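Enquirer: Listed below are the residues making up each chain.
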Amino acid sequence: MHPPEPPAPAARPRLGVFKFASCDGCQLTLLDCEDELLALAAEVDIAHFAEASSDAAPGPYDLALVEGSVSTPEHLDRVRRIRAESRHLVTIGACATAGGVQALRNYADVEEYLATVYAHPEYIATLATSTPISAHVRVDFELRGCPIDRGQLLEVITAFLSGRKPGIANHSVCFACKRRGNVCVTVAHGTPCLGPVTHAGCGALCPTYGRGCYGCFGPAATTNLPALIPVLHRDGMDDEDIGRFLHTFNVADFTAVEARGPGVTGKEGTE
Amino acid sequence: MTSPAESRPRDGGIEAVLDRSGLAALVTALQHRGRTVIGPTVRDGAIVLDELDSATALPYGWGVELEAGTYRLVRRDDGAAFSHSAGPQSWKSFLHPERVRQWSADRGPGGGLTVREERPQAVSYAFLGVRPCDLRAIRILDLVMAGGRYPDPAYLSRRTGAFLIAVECTEPGATCFCVSMGTGPAADAGYDLALTEVVDDDGHRFLCRSGTEEGADVLAELPRRAADDATRTAAVLGVRAAADRMGRSMPPVDLRTLMRDTLEAERWDDVTARCLSCGNCTMVCPTCFCTTTEDVTDLTGDHAERWRRWDSCYDLDFSLLHGGPVRSSPRSRYRQWLTHKLGTWHDQFDSSGCVGCGRCIVWCPTGIDLTEEAHALHREASGSQDAP
Ligand code: SF4
Ligand code: SF4
Ligand code: SF4
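Here the protein sequences line up with chains X and W, keeping their order.
Going by full-length UniProt numbering, the first sequence opens with residue 1, and the numbers climb by one from there.
Going by full-length UniProt numbering, the second sequence opens with residue 1, and the numbers climb by one from there.
Just chain W, same shape as in the assembly:
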């Protein structure tokens, strides 16, 4: 906790308090800077991510009740805008869209081919309401999509310069486990601005601190007041309390080792009996990045295009080689997913592939819960009575 005398947060940024009109001014200021502002809004009975015309589109007064396989929007009487988690999309939908054209080709009258590589138009995004787990997920995607020798141009065109406004968590969902994964509920780094929403007798406000120079510049433009101790204390306590109210947890073991040592566990049969291979878990996961290639031609055969589309390890055709799919059994597909997320991701990218957001738990139609599966694998491996 910062001491009362401090007017600046530890990391050297600036700090201030915004009220609802300050938040509205933030959205407008970003739009004036030419940015497309994406944030949470209510649509079709859920809090989705979409382009915001203004801050009035934010889900003020809406919360969610979550369980494995169930999501319900509920009214909140505190008017909070960011008391929700685990919506059906993640920032991946914007940074790594489900469908990207990679090149097109035309055959001329003489039979010669002209191939045009797609030059993605740069998009200037501002993401409002990035939860700490999702901040980490974006960092993971950065590594996957742009960290190697061949950075993906489509990803870079959307990611480069994106302005990230984190919102720390004060209201974790029943399916959240960021504490187990070390990703939240406080925002540590990687944001331009970080907000903590406070609603108490002193009113509805947002403690705002900058993490970059651009963040500080934007904050300096907004109607704001100096950060006061009462707001700081409420913010810190709110986030601290959230850490103690996680809906889920992972077994307190090295998950990478657990995955490595349980490849032949009976539990895989148990979960396979419940898994539909429907792919929802991978589509909603903020770090699942796998794609397939789709080549299309027109009727004349003179015009061809290559598209990249989201795919999933649950798709039978995902592992199709000559002769058939490598992972033809649903058991092998579920196991591939979980062991990659929690285990082999470490070997590949030096981190866990799971950030503890809980989306895959909520949006699985049959309510398969990876934390429960990890606990069960741990119990089976150790013969212990560890309860989830």
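Bound conformation, chain X alone:
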């Protein structure tokens, strides 16, 4: 029996960051990792990251971070190409995981929007819907938020680098809120808060500063939205207010669970 070959010096894993229909805020979170950016660059080869460098190297990529929703015909091909070139594909942010605020179009007439907004709607190529990346290709992990949380992004990257499951909780914002020692704004102040139905991840940022959660991480893994409606009514919201409250960055995901009673939403990190 031969002794095992000494392992070849491992090439650094290649990271690609890609953008679809989005505002760039989630990618920016990566640049915001100021203290960790050098350490990250030492561990991975940042091969494709247009926001940071115009020097874009072709695939394959070990880890692709994908921001934005699929909203044009051109996106349909591109998302498949990126998937085919990537070992792991992680979607980042509400646009990529739920279609984003632009998914409001899914509940309206896109032709009408085009005619109202553009002088020459015939120049615009768009799809009738804005959909999450996972509606088109297999996704290895979905990281929620509008924008995503810096610490969670680093955790996901670190986890994929070391081949483990990201430690991202799927419970409600209330868990984080209570762990943080906050006074509940709903119970103590009568402030409407979506925390009980919203996926944790932000560290209960808004309630920490005395305002209600507005759901930017989308539904938690298990929700009962109909049970929260009477509480929102009690705290002064009418149905129209509630509609506006729920129909923002995660409109498609909240719409999907709006009428559904207690149960599992499937909104967990892994697909």
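To be clear, the hints were calculated from the coordinates, so they are not data collected in a lab.
Predicted, not measured: the structure shown is a model, and the values here were computed from it.
Check before you lean on any hint, since a few could be wrong.
Unchecked claim - A short list of chain X residues far from chain W (calculated; beta carbon distances all over 12 Å):
#, residue
1, Tyr107
2, Gly181
3, Thr186
4, Thr255
To be verified - A few chain W residues that don't get close to chain X, going by computed Cβ distances all over 12 Å:
#, residue
5, Ser104
6, Leu156
7, Pro223
8, Asp295
To be verified - Covered stretches of chain W (in silico footprint by chain X; criterion: 3 or more residues with CB under 8 Å from a CB of chain X, positions within the stretch not fixed):
#, segment
9, 37-48
10, 69-77
11, 263-276
12, 322-332
For every residue, glycine included, the Cβ atom is placed at its ideal position computed from N, Cα and C.
Dock chain W with the ligands against chain X, hints included.
Expert: Chain W with the ligands only, in chain X's frame:
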């Protein structure tokens, strides 16, 4: 009630009357003994537990109005410091913190691993304002966290030698039911000092009795006067009146049997329709102790840490095994919580897991009330008209 001639309370401790400056001296005396004094104080529209710099931080003149799912701070004109109940935290937040590092590990250049077990720094706490229900809750936590074969070092580092100042209840909240659970409103045991706040024509004062030698030593250091009959009588009557003014009650049955016999009751569907699975009830409960494990690594993969964090039976991932969560339905999660609190806790720890503090009722966003659920289960099981 103690007889007028008695200068010592029944249990052999010493007894005295403190005024507000005596209470202030108590906080200072404990600080001089190197203790971190935790007590109630007003923050963000609620009476929370926090480190007290001095007794001026106590919520003098503040009370609370409680209902299921509602908490409001209200002004009181009697200046009382301890006329409140069911705040958003309990002593659990200090004894069993939400986040504890258990070990860390480093991989050296040669690939060898060095694992370091966390040695928790001992904290010397004094808890001021422990309600009788919460005294019991601490005893329950003692059993859970340190009573078994593997006592938890993090818990012991905070609990060992903690100085407990109980305050008996004279102003129960609308969500309190300690009488049903046999935990209050009088403090029976387990304290170093017990206070009963009295505000009447003779002024604002605290009847103080010691329960341990250290308690007696501290009390002997404070500016105080001898306990007088008028104060004793007012204290005893205040606590006795509180017992008759409980906001809630449990059905007068054996709750453990009730839980065992109603596992398939329709009421579970009713409460499930209202439950958000948000976990607030378990986070605020002074005895809910469940945790999860979080392993983190740094970017290099050469440094790893294991953390213990509060978790809850309402978390879908709490019962995750290979293949999926065991308790995937919200119904099974609510039922797990209530039947454990009131039923199977007896099998596990020989007591109820509920002390009747009412926190879970107040801090549930949709106002789910376990006493109402227990009454409903009892009605369904017995076909009776028992009203909550
Ligand atoms: S403030 Fe909002 S997130 Fe925090 S506990 Fe209350 S409902 Fe939940
Ligand atoms: S179950 Fe509710 S009332 Fe009972 S001890 Fe826990 S929080 Fe208090
Ligand atoms: S009982 Fe109330 S606090 Fe507890 S999980 Fe259900 S809705 Fe949340």
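Enquirer: Against each hint, give a clear statement of whether it holds in the structure.
Expert: Right, here's what the structure says about each hint:
1. Consistency note on Tyr107 of chain X: stated as away from chain W, and its beta-carbon is indeed over 12 Å from all of that chain's, at 25 Å minimum.
2. Against chain W, the non-interface label of Gly181 of chain X is violated: not every CB pair exceeds 12 Å, the least being about 6 Å.
3. Not every Cβ of chain W is farther than 12 Å from the Cβ of Thr186 of chain X; the closest lies at roughly 5 Å, contradicting the non-interface assignment.
4. The Cβ of Thr255 of chain X sits about 18 Å from the closest Cβ of chain W, beyond the 12 Å cut-off, so the non-interface label holds.
5. Non-interface call for Ser104 of chain W relative to chain X: holds, since the shortest CB-CB distance, roughly 15 Å, exceeds 12 Å.
6. Its beta-carbon lying about 22 Å from the closest one in chain X, Leu156 of chain W satisfies the requirement of being farther than 12 Å from that chain.
7. At roughly 34 Å from the closest C-beta of chain X, the C-beta of Pro223 of chain W stays outside 12 Å, upholding its exclusion from the interface.
8. Taking the minimum C-beta to C-beta distance to chain X, about 7 Å, the non-interface status of Asp295 of chain W is violated against the 12 Å cut.
9. Only residues whose C-beta sits within less than 8 Å of a C-beta in chain X count toward coverage, and the segment 37-48 of chain W has 5 of them, enough to reach three; the restraint holds.
10. Coverage of the segment 69-77 of chain W by chain X holds in this model, with 5 residues showing a Cβ closer than 8 Å to a Cβ of that chain against a need of three.
11. With 5 residues carrying a beta carbon less than 8 Å from a beta carbon of chain X, the segment 263-276 of chain W meets the three-residue requirement, and the given coverage holds.
12. Coverage of the segment 322-332 of chain W by chain X holds [criterion: at least 3 residues with CB-CB distance below 8 Å; count 4].
Figure legend: structure checked against the earlier numbered hints; hints not met, in rising order: 2, 3, 8.
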